[in-house]
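Student: Could you slot chain B onto chain A? The hints should help.
Number of protein chains: 2
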Amino acid sequence: MTGPNGQRPMPPMAERSLIFPAAEYRRRAAALQGEMAGAGLDALLLTTAPDIFYLTGFLTRFWESPARPWFVVLPARGAPVAVIPAIGAELMGRTWVSEIRTWPAPDPADDGVTLLADTLCALVPAGGAIGLPMGPETHLRMPLADHARVGQRIAPRRFADATAVVHRVREVKSEAEIDKIRAACGVADRAFDRVPDFARAGRPLAEVFRDFQIALLQEGADWVSYVAGGAGPSGYGDVISPADSRPLAPGDVLMLDTGAVRDGYFCDFDRNFAIGRAGAGARRAHAALYDATDRALAALRPGMTAREVHRVMAEALTRAGVTPAAGRFGHGLGLALTEWPSLSEADDTVLRAGMVLTLEPGVEIAPGRIMVHEENLVLRASGPELLSARAPADLPEIDR
Amino acid sequence: MTGPNGQRPMPPMAERSLIFPAAEYRRRAAALQGEMAGAGLDALLLTTAPDIFYLTGFLTRFWESPARPWFVVLPARGAPVAVIPAIGAELMGRTWVSEIRTWPAPDPADDGVTLLADTLCALVPAGGAIGLPMGPETHLRMPLADHARVGQRIAPRRFADATAVVHRVREVKSEAEIDKIRAACGVADRAFDRVPDFARAGRPLAEVFRDFQIALLQEGADWVSYVAGGAGPSGYGDVISPADSRPLAPGDVLMLDTGAVRDGYFCDFDRNFAIGRAGAGARRAHAALYDATDRALAALRPGMTAREVHRVMAEALTRAGVTPAAGRFGHGLGLALTEWPSLSEADDTVLRAGMVLTLEPGVEIAPGRIMVHEENLVLRASGPELLSARAPADLPEIDR
Chain A
1 MTGPNGQRPM PPMAERSLIF PAAEYRRRAA ALQGEMAGAG LDALLLTTAP
51 DIFYLTGFLT RFWESPARPW FVVLPARGAP VAVIPAIGAE LMGRTWVSEI
101 RTWPAPDPAD DGVTLLADTL CALVPAGGAI GLPMGPETHL RMPLADHARV
151 GQRIAPRRFA DATAVVHRVR EVKSEAEIDK IRAACGVADR AFDRVPDFAR
201 AGRPLAEVFR DFQIALLQEG ADWVSYVAGG AGPSGYGDVI SPADSRPLAP
251 GDVLMLDTGA VRDGYFCDFD RNFAIGRAGA GARRAHAALY DATDRALAAL
301 RPGMTAREVH RVMAEALTRA GVTPAAGRFG HGLGLALTEW PSLSEADDTV
351 LRAGMVLTLE PGVEIAPGRI MVHEENLVLR ASGPELLSAR APADLPEIDR
Chain B
401 MTGPNGQRPM PPMAERSLIF PAAEYRRRAA ALQGEMAGAG LDALLLTTAP
451 DIFYLTGFLT RFWESPARPW FVVLPARGAP VAVIPAIGAE LMGRTWVSEI
501 RTWPAPDPAD DGVTLLADTL CALVPAGGAI GLPMGPETHL RMPLADHARV
551 GQRIAPRRFA DATAVVHRVR EVKSEAEIDK IRAACGVADR AFDRVPDFAR
601 AGRPLAEVFR DFQIALLQEG ADWVSYVAGG AGPSGYGDVI SPADSRPLAP
651 GDVLMLDTGA VRDGYFCDFD RNFAIGRAGA GARRAHAALY DATDRALAAL
701 RPGMTAREVH RVMAEALTRA GVTPAAGRFG HGLGLALTEW PSLSEADDTV
751 LRAGMVLTLE PGVEIAPGRI MVHEENLVLR ASGPELLSAR APADLPEIDR
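Order-wise, the sequence lines are chains A and B.
So in the numbering used here, spot 81 of the first sequence is number 81, and the numbers just go up one at a time.
Counting the second sequence from 1 gives a position; the numbering used here is that position plus 400.
The set of hints was computed from the structure by calculation and includes no laboratory data.
Computed from a prediction, not measured in an experiment: that's the story for all the values here.
For glycine and all other residues, C-beta sits at the position ideal for the given N, C-alpha and C.
Heads up, some of the hints might be wrong.
So the derived label-pair ranges between C-beta atoms look like this [what the hints assert, rightly or not]: (1) A:Ala164 with B:Asp644: 17 to 27 Å; (2) A:Gly251 with B:Ala560: 46 to 56 Å; (3) B:Gly783 with A:Ala155: 48 to 58 Å; (4) A:Ala298 with B:Asp518: 36 to 46 Å; (5) B:Asp518 with A:Ala155: 43 to 53 Å; (6) A:Ala206 with B:Pro556: 44 to 54 Å; (7) A:Ala37 with B:Asp644: 34 to 44 Å; (8) B:Ala560 with A:Asp110: 13 to 23 Å; (9) B:Ala699 with A:Ala37: 54 to 64 Å; (10) A:Arg301 with B:Ala437: 57 to 67 Å; (11) B:Arg427 with A:Asp394: 45 to 55 Å.
Residues of chain B clear of chain A, computed beta-carbon distances all greater than 10 Å [what the hints assert, rightly or not]: (12) Ala423; (13) Glu424; (14) Arg501; (15) Asp518; (16) Ala526; (17) Arg610; (18) Tyr626; (19) Glu708; (20) Ala720; (21) Ala726; (22) Gly754; (23) Gly768; (24) Glu785.
One chain only, chain A, in its complex shape:
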């Protein structure tokens, strides 16, 4: 560190990095710094797993432990500085980040507060603004009381909202990122192809969830951060519950939804299966969902808003004579299971080329009974390119 407001040179081209070449991270840092300049921010403070992975390549499941906070500071110019627990020094040392400051966490007396505040004071002029994501779909992954302590120590420097800075940069994926998400989708495609091997009448849903996770790992997932689903006559009650022990029964519609992870990138899509013969209502709902997705795929272009894409799908469902479910019909995807924007009536985000999105229309089959359908895509200048293999047009029947 070269002193207050000191710019340090970017590390040389030959520095080590993880997952991607260092040039990819350098491009990301520059893009963030460009947005920061526009927002009048003198530094950016990142505290969450996806934000820190995005900038540094620091990828670990150790975020599962809430014991320690982690910080990365990106100054207005120059390279990022990691301010992290000593237990992470080895792994961070294998990324492109060359300036790594550590403390012996957890330290109940001072868990990085002094080290972070000193780092911010050295990088940001007095009166400067330090960006921190504070808005929708963000949270601060550090103790709230420690955040207040840092705020006191860095005064007259202040924290300012940097949600838009991070969102506008992260939401447009590079080709290298798109390749990673495509690979994660391929894992799920292959695992979904194997569902007929282990889902049949009489098997408890909990066992089906286990076998599906095993299939995802066998097909190349590094880990499986998310599996949900449901099963019931012609539909299911919700889409976020863990599995129960109820055995599948003929006439059930089984839905499986997964966020499998490969190299830190997620897929997020689901598939429906009829156990035995599909009922007329289930077939009709599935066909309507398939058609609504087709219409969105045909209409989707950069410049549309998230709200407009929701409307395309909702209107298609209504025209098909089914009831659109409440809630959003898709969202962003990448370093987290769900990213902004929301394809919903409430979201007027303008869609841009390079965004990776899910299309996820849902229908209400009966009160408290729904069916959902999901695909993953990247939005190109000319329209969407599917990353998941398109679901079959007709609800597949298994265990017939």
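Tutor: Positioned in the frame of chain A, the structure of chain B alone reads:
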């Protein structure tokens, strides 16, 4: 809701619940309310997955999506109130919580702020204090800007730190909870027994990690929230990295560490294996770690501090002629992979009967090369009861 400061009756005994009988959650609510009374808190606001699962039984992997905040408010008297996204209403409706208020999240204009503020104002008298965990090992899982907005709306009510309230209650496990953690440990015990089936020279560490996760699922894990490990000649460089593609080689020490989840409860322990013949240094380090753990198991009693248990292990390692690693030598365990306290020099938490802890001493074999060893236990009035099957005294050699 019956008005400002209104107490609603607890739901009847026959209400539905998940994972545990409703009486277990009612006991937890009463215990939290007892601590809240001592701390002068008029309500408690919970926002994280483990805190909300603890009080309500609401268990879902949907927390993986950062899109929506979730709130549960426990008033000073009476039953908890859930203030949650509509997508969670059906699952929360299957818990013992009878008062569930929802909004159509995500809503960029008002993502639960008004509903949460109104709920707090109805439950807490003006000038009252609303507890929120703000201290070590906590974070606030909602956008920081929305937290500030809620704070403005509820004035003159104020937020106050409730870390100790939650920690003192959650850290002492009920027998029902201990049974769940024992079951999670059993899953890992059986999976570790199968490591010799898939770990051998020439196999990349990434494949070993996949097979280990598959074994955990086959042995009964609902999902695998954490696997880490390392491999190298006589030890490994760190314990938090994801697997790389380097093949295992004769003379390597392989360590696998897992937080497998069953019914929402974690295990967290590791095992070491020599690939082929174990070197003298690795055997010596493993024996020293085993002995240090034995000494802690013999000494551990309620009333000791976390620091004293660390010292027992550090002194045993030093006496054995090896170098204790930096950092903590164990921690709490239960609804998260790691809970407080830390068995470290910095933590003077008094240990109590009913705490579930890990013992996790580490040695530095050479600069940047370590070996760690971990067991899970519950502390009884008479001393520790192991929840993991004790590791073998001698470093096991596989693929000989």
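Student: If a hint holds in the structure, say so; if it doesn't, say that too.
Tutor: Hint by hint, here is what the structure shows:
1. A:Ala164 with B:Asp644: 17 to 27 Å: At 36 Å between Cβs, range violated.
2. A:Gly251 with B:Ala560: 46 to 56 Å: The hint (46 to 56 Å, Cβ to Cβ) holds, given that Gly251 of chain A and Ala560 of chain B are roughly 53 Å apart.
3. B:Gly783 with A:Ala155: 48 to 58 Å: Holds, since Gly783 of chain B and Ala155 of chain A (Cβ atoms, about 50 Å apart) stay within the stated range.
4. A:Ala298 with B:Asp518: 36 to 46 Å: The hint (36 to 46 Å, Cβ to Cβ) holds, given that Ala298 of chain A and Asp518 of chain B are roughly 43 Å apart.
5. B:Asp518 with A:Ala155: 43 to 53 Å: Check failed, 33 Å falls outside 43 to 53 Å.
6. A:Ala206 with B:Pro556: 44 to 54 Å: holds, 49 Å
7. A:Ala37 with B:Asp644: 34 to 44 Å: This hint holds: roughly 37 Å between Cβ atoms.
8. B:Ala560 with A:Asp110: 13 to 23 Å: Holds - the Cβ-Cβ distance for Ala560 of chain B and Asp110 of chain A, about 22 Å, lies within 13 to 23 Å.
9. B:Ala699 with A:Ala37: 54 to 64 Å: For Ala37 of chain A against Ala699 of chain B, whose Cβ atoms are near 58 Å apart, the range 54 to 64 Å holds.
10. A:Arg301 with B:Ala437: 57 to 67 Å: Once the Cβ atoms are compared, 59 Å apart, the range 57 to 67 Å for Ala437 of chain B and Arg301 of chain A holds.
11. B:Arg427 with A:Asp394: 45 to 55 Å: holds, 51 Å
12. Ala423: holds, 21 Å
13. Glu424: Glu424 of chain B clear of chain A: closest Cβ-Cβ about 18 Å, beyond 10 Å.
14. Arg501: holds, 16 Å
15. Asp518: Non-interface label on Asp518 of chain B holds, nearest chain A Cβ at 20 Å vs cutoff 10 Å.
16. Ala526: It holds; Ala526 of chain B is separated from chain A by about 23 Å at its closest Cβ, greater than 10 Å.
17. Arg610: violated, 5 Å
18. Tyr626: violated, 5 Å
19. Glu708: Given that every Cβ of chain A is farther than 10 Å from that of Glu708 of chain B, nearest at about 16 Å, it holds.
20. Ala720: holds, 23 Å
21. Ala726: violated, 6 Å
22. Gly754: holds, 20 Å
23. Gly768: Non-interface label fails for Gly768 of chain B: nearest chain A Cβ at 7 Å, not farther than 10 Å.
24. Glu785: holds, 24 Å
Comparing the model with each numbered hint stated earlier shows that hints 1, 5, 17, 18, 21, 23 do not hold.
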